[in-house]
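All chains should be built: construct the whole structure from the sequences, respecting the hints.
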Amino acid sequence: MRKITKDRIYEPKVPPEEMLEASRLTGDATLEDLESIRRRTSVYVYEAPVRIWHWINALCITILCVTGYLIAEPLPSMEFAEATNQFVMGYMRFAHFAAGTVLSIGFLARIYWAFVGNTHARQMFYVPIFNLRYWKEFIFELKWYMFLEEEPKKYIGHNPLAHMAMFTFITLGITFMMITGWALYAEGAGQGSLPDTLFGWVLGLVQNSQRLHTLHHLGMWSIVIFAIIHIYAAIREDVMSRQSMVSTMISGHRTFKDDRIE
Amino acid sequence: MSQIETFYDVMRRQGITRRSFMKYCSLTAAALGLGPSFVPKIAHAMETKPRTPVIWVHGLECTCCSESFIRSAHPLAKDVVLSMISLDYDDTLMAAAGHAAEAAFEDTIAKYKGNYILAVEGNPPLNEDGMFCITGGKPFVEKLRHAAKDAKAIISWGACASYGCVQAAAPNPTQATPVHKVITDKPIIKVPGCPPIAEVMTGVITYMLTFDRMPELDRQGRPAMFYSQRIHDKCYRRPHFDAGQFVEQWDDDAARKGYCLYKMGCKGPTTYNACSTVRWNEGVSFPIQSGHGCIGCSEDGFWDQNGFYERVTGIKQFGIEATADQIGFATTAVVGGAVAVHAAASALKRAQKKNEEA
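If you're matching them up, the sequences are chains A and B in order. Going by this note's numbering, the letters in the first sequence line up with residues 5 to 266, in that order. Going by this note's numbering, the letters in the second sequence line up with residues 9 to 366, in that order.
Simulated from the structure, these hints should not be mistaken for lab results. Some hints could be false.
[Claimed, not checked] FRET-style restraints, in silico, Cβ to Cβ:
#	chain 1	residue 1	chain 2	residue 2	range
1	A	48	B	241	45 to 53 Å
2	B	345	A	259	28 to 36 Å
3	A	263	B	346	33 to 41 Å
[As the list claims (entries may be wrong)] With a Cα cut of at most 30 Å, we get these calculated DSSO-like pairs of lysine-lysine:
#	chain 1	residue 1	chain 2	residue 2
4	B	362	A	261
5	A	157	B	361
6	B	357	A	147
7	B	362	A	147
8	B	119	B	146
9	B	157	B	189
10	A	147	B	361
11	B	194	B	160
12	A	140	B	357
13	A	140	B	362
14	B	361	A	140
15	B	121	B	194
16	B	121	B	160
17	A	157	A	140
18	B	361	A	261
19	B	57	A	261
20	A	157	B	157
21	A	157	B	357
22	B	189	B	121
23	B	31	B	57
24	B	119	B	194
25	B	57	B	160
26	B	86	B	49
[Said to hold, decoys possible] Some chain A residues flagged as far from chain B (calculated, every beta-carbon gap over 12 Å):
#	residue
27	39
28	140
29	180
Glycine included, C-beta positions come from ideal geometry on N, C-alpha and C.
This is how it looks when you write it as structure tokens:
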């Protein structure tokens, strides 16, 4: 593909520097995206590894939340076999640890993809908090959700509000859950084990393992709350915004419903 | 130093034969998990090393550590006090009192500068210049600082000295402070528990005397040989935990069958101690074996982890005492409700807009 320059982007009405202005200035849309819109009104945003990660991550989080809750507040006591042949809590914990390991490896792979993938693969890992324009767009999006704006703007990747939520609850949240989770796992793995060598310091920091459990537990609830908002917002945006949402995480393509610039 | 007898001298004086002495060395090696090659080393150490002088001070505490200590069976506390260490000052156990006792205290510090072990039971309250604990007419914190200055190492006996225990529980009116936060320039071994297990206490002393060094410590400064695993890891009721068989109520059938006490608030899964292996009273029993959950007495701030009978601990920071799950469910309900209302408003707004366009 030839190098894309501003003059190569077909622009019938407004000059390129005025197109998708907010999205461009906050680092959300690239020149390649703008040209793509002109050509097919869809942008290939989420590459296959990102989509696969998203769904594996979603599955892991679901398993982790359910089993994690049941580890803290176990099912009613049951007796269908000798204790040696019955392994209810054992399987519960196994599922939790297995999903936790898959999630951790997935997250590391996702970080790797931020380096080798497209620009949208990097958006989740930083928020342009020193960009004043970002905050203006953040407030604009907030107003859209408060029914104070008539029409939302177009975005290629995450909108400013989603961008912040994704960074806080997934990038930071999952990291927090992985660190506390592996620190808890290290307790059972024993001193000198690999998890203990890597994450044993966390218990030294909070001293009492009971506190560490509570922190991990609160972390779970924050992710549950994020999941509710995330699913609601994705469906609502799919219906009410100017671009596709749910199908984008399946096909990777963001399609647009109108050809107006902003 | 030559005035102090060696271990061997003391043992011989007590009528122990050379043959018995060697047997004792072999047993000690076995007990510490060492090979036969260490037996002559231990014997040599016992023959040549003077007994280690120990100063045992008592701060804000209940003396349950001392009560536990004097019940040690392996080795007998009598052997530790009379043959292994030179317990030069312990205001609770010593015969002297008043000025004579305080003189012995000063004498020991002066005589064995830099060579004695300071054992601390209890902790110093720092509020009101330490006036909440006065020993020998002075605030305990002064005595602690004075004794610690020339000590070789410090042993923090029990939850009080290690973490603060009940007197440091919120709101901690006397500002009771664990030893390691007052004395920061000396090696400190924490032997937590309320009280610590007798054999753990004497075991730590035996180790230090035999090898003339601190035992290996974990990240929190506790001897790894006794505090590296949780009660839960070695609990004899663990199979019932893995099976998902729990006591639901104190008087139910599961309680009689000896099922796991997890749901009754047992803190075994978060407590590092040797109760489930060493047990108490010469290995007779330990709390879980007696049908009561572990209360986590050897953990930092165990009084402030909500009830002893609740599995998921409460969080006071939220104003009311609530568990993570109560907070989680409440927040989820609020967010879920908000989402529902927002969805309805969105639909309404959309319908309105369509009407206007039509």
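Outcome of the hint check:
The supplied range of 45 to 53 Å is met by residue 48/A and residue 241/B, whose beta-carbon atoms lie about 51 Å from each other. Between residue 345/B and residue 259/A the beta carbon distance is about 32 Å. The supplied range of 28 to 36 Å therefore holds. For the pair residue 263/A and residue 346/B, the supplied restraint of 33 to 41 Å holds, since their beta-carbon distance comes to about 34 Å. Using a Cα cut-off of 30 Å, the hinted pair residue 362/B and residue 261/A holds, with the two alpha carbons roughly 16 Å apart.
With a C-alpha separation of about 17 Å, the suggested pairing of residue 157/A with residue 361/B holds against the 30 Å cut-off. About 14 Å separates the Cα atoms of residue 357/B and residue 147/A, which keeps this hinted pair within 30 Å; it holds. Of the pairs offered as hints, the one joining residue 362/B and residue 147/A holds, with about 20 Å between alpha carbons and a cut-off of 30 Å not exceeded. At roughly 22 Å between alpha-carbon atoms, residue 119/B and residue 146/B fall within 30 Å of each other, so this suggested pair holds.
For the hint pairing residue 157/B with residue 189/B, the CA-to-CA distance comes to about 15 Å; that is within 30 Å, so the pair holds. The hinted pair formed by residue 147/A and residue 361/B meets the criterion: a straight-line CA distance of about 17 Å does not exceed 30 Å. Among the hinted pairs, residue 194/B with residue 160/B is consistent with the structure: their alpha-carbon atoms are about 7 Å apart, no more than 30 Å. A threshold of 30 Å between alpha carbons decides the hint, and for residue 140/A with residue 357/B the separation of about 24 Å falls inside it, so the pair holds.
Of the pairs offered as hints, the one joining residue 140/A and residue 362/B holds, with about 29 Å between alpha carbons and a cut-off of 30 Å not exceeded. Between the alpha carbons of residue 361/B and residue 140/A the distance comes to roughly 26 Å, so the proposed pair stays at or under 30 Å and holds. Simply put, residue 121/B and residue 194/B have alpha-carbon atoms about 14 Å apart, close enough for the 30 Å limit, and the pair holds. Restraint check for residue 121/B and residue 160/B: satisfied, since their Cα atoms lie roughly 8 Å apart, inside the 30 Å limit.
Between the alpha carbons of residue 157/A and residue 140/A the distance comes to roughly 13 Å, so the proposed pair stays at or under 30 Å and holds. At most 30 Å may separate the alpha-carbon atoms for a hinted pair to count; residue 361/B and residue 261/A meet this at roughly 17 Å. Distance check on the hinted pair: residue 57/B and residue 261/A sit about 88 Å apart at the alpha-carbon level, beyond 30 Å; violated. A C-alpha spacing of about 69 Å is found between residue 157/A and residue 157/B, which places the hinted pair above 30 Å, so the restraint is violated.
Proximity of residue 157/A to residue 357/B is assessed by CA-CA distance (about 18 Å); at most 30 Å being required, the pair is judged to hold. Taking the CA atoms of residue 189/B and residue 121/B, the gap is near 23 Å; set against the 30 Å cutoff, the hint holds. Using a Cα cut-off of 30 Å, the hinted pair residue 31/B and residue 57/B holds, with the two alpha carbons roughly 18 Å apart. Only pairs whose Cα atoms come within 30 Å are accepted, and residue 119/B paired with residue 194/B is accepted, the gap being roughly 19 Å.
Distance restraint check for residue 57/B and residue 160/B: the Cα-Cα separation of roughly 16 Å lies within the 30 Å cut-off, and the hinted pair is therefore satisfied. Distance check on the hinted pair: residue 86/B and residue 49/B sit about 24 Å apart at the alpha-carbon level, within 30 Å; holds. A cut-off of 12 Å between C-beta atoms confirms that residue 39/A is not in contact with chain B; the least separation is 32 Å. At roughly 23 Å from the closest C-beta of chain B, the C-beta of residue 140/A stays outside 12 Å, upholding its exclusion from the interface.
Every CB of chain B is more than 12 Å from the CB of residue 180/A (nearest about 14 Å), matching its label as outside the interface.
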